[in-house]
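*Asks:* Sequence:
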Amino acid sequence: MPLELVTIPCLSDNYTYLVHDGETGETAVIDVPDSAPVLKALSDRGWTLSAIWLTHHHSDHIDGVAELRAATGAMVIGAAADAHRLPPLDLALPDEGALTLGRHTVETFPVPGHTVGHIAFHIPDAKLVFTGDSLMSAGCGRLFEGTPAQMWASLSRLADLHPDTLVCSGHEYTASNIRFALTLEPANAALISRSERVAALRASGRPTVPVPLSEELATNPFLRAPLPALKAAIGKPDASDAECFAEIRARKDRF
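FYI, full-length UniProt numbering numbers position 68 of the sequence shown as 68, with every residue one higher than the one before it.
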């Protein structure tokens, strides 16, 4: 039985996600900006929360954890390396970890850059990856703690997942990310088409996430740093992939 995925808007521009295994009834939530929308989504579906998975320590991803844990008794899971600044963990994951949701294996691995303790949750057989503020829709997170080299390594690892994988990221930043991407690749037909679809989704109040990795590979400039045409577009034809990424990230910071 396939997993059910629910995208839940929170706060002003955050997203959290419920993942439900209908065979066993187990349900996980990924990051908790606010407990109220999560509790409503659970109640509307008659689901019982089993686990809270945390990608990183920023307050807009964990502020609802204590209330949600108290209301549901769900276990809280996050990176051991970041345990000192996450809510109290029931399961602290090693750098390369694994857990289960029903009969599904969940791979966890570090994706530093936005923060040094950031992790991703990947469910290979369901083709789902929860990336928090690392790989984002048409973009990537700001480098608040990590280095460009760390973030480039993280994005490269995510880019190697199956192209049909749905990327479930933490914010509604797609429209602004696409506006920036178009300054680098104004003739990218896939990007132009995506811009039009995103505008229509936002006009109707619908989320622009999750997104297939294949679409990110075709339109996200941070994943496209290895392309000679993109290196030429930023005036650095001989740059390494990591150097090209760093320049694109610096430009986005100024955008």
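Careful: at least some of the hints might be erroneous.
Unchecked claim - Distance condition first, Cα-Cα at most 25 Å in a straight line; then the derived SDA-like pairs of lysine to any residue: (1) K127 <-> L182; (2) K127 <-> A239; (3) K127 <-> P87; (4) K252 <-> R157; (5) K127 <-> F144; (6) K127 <-> H162; (7) K252 <-> P2; (8) K252 <-> K127; (9) K40 <-> A80; (10) K127 <-> T183; (11) K127 <-> A187; (12) K236 <-> D253; (13) K40 <-> T183; (14) K236 <-> P212; (15) K236 <-> L166; (16) K236 <-> A203; (17) K236 <-> T105; (18) K236 <-> E172; (19) K236 <-> P210; (20) K40 <-> H58; (21) K236 <-> E185; (22) K236 <-> T183.
I should point out that these hints are in silico values taken from the structure, not numbers from a laboratory.
*Asks:* Run every hint past the structure and note whether it holds.
*Replies:* Hint by hint, here is what the structure shows:
no. : hint          : in the structure
1   : K127 <-> L182 : violated, 28 Å
2   : K127 <-> A239 : violated, 33 Å
3   : K127 <-> P87  : violated, 28 Å
4   : K252 <-> R157 : holds, 21 Å
5   : K127 <-> F144 : violated, 29 Å
6   : K127 <-> H162 : holds, 7 Å
7   : K252 <-> P2   : violated, 37 Å
8   : K252 <-> K127 : violated, 29 Å
9   : K40 <-> A80   : violated, 30 Å
10  : K127 <-> T183 : violated, 31 Å
11  : K127 <-> A187 : violated, 30 Å
12  : K236 <-> D253 : holds, 18 Å
13  : K40 <-> T183  : violated, 40 Å
14  : K236 <-> P212 : violated, 29 Å
15  : K236 <-> L166 : violated, 31 Å
16  : K236 <-> A203 : violated, 37 Å
17  : K236 <-> T105 : violated, 41 Å
18  : K236 <-> E172 : violated, 30 Å
19  : K236 <-> P210 : violated, 32 Å
20  : K40 <-> H58   : holds, 23 Å
21  : K236 <-> E185 : holds, 15 Å
22  : K236 <-> T183 : holds, 16 Å
Hint compliance for this structure: hints 1, 2, 3, 5, 7, 8, 9, 10, 11, 13, 14, 15, 16, 17, 18, 19 are not met, and every other hint is.
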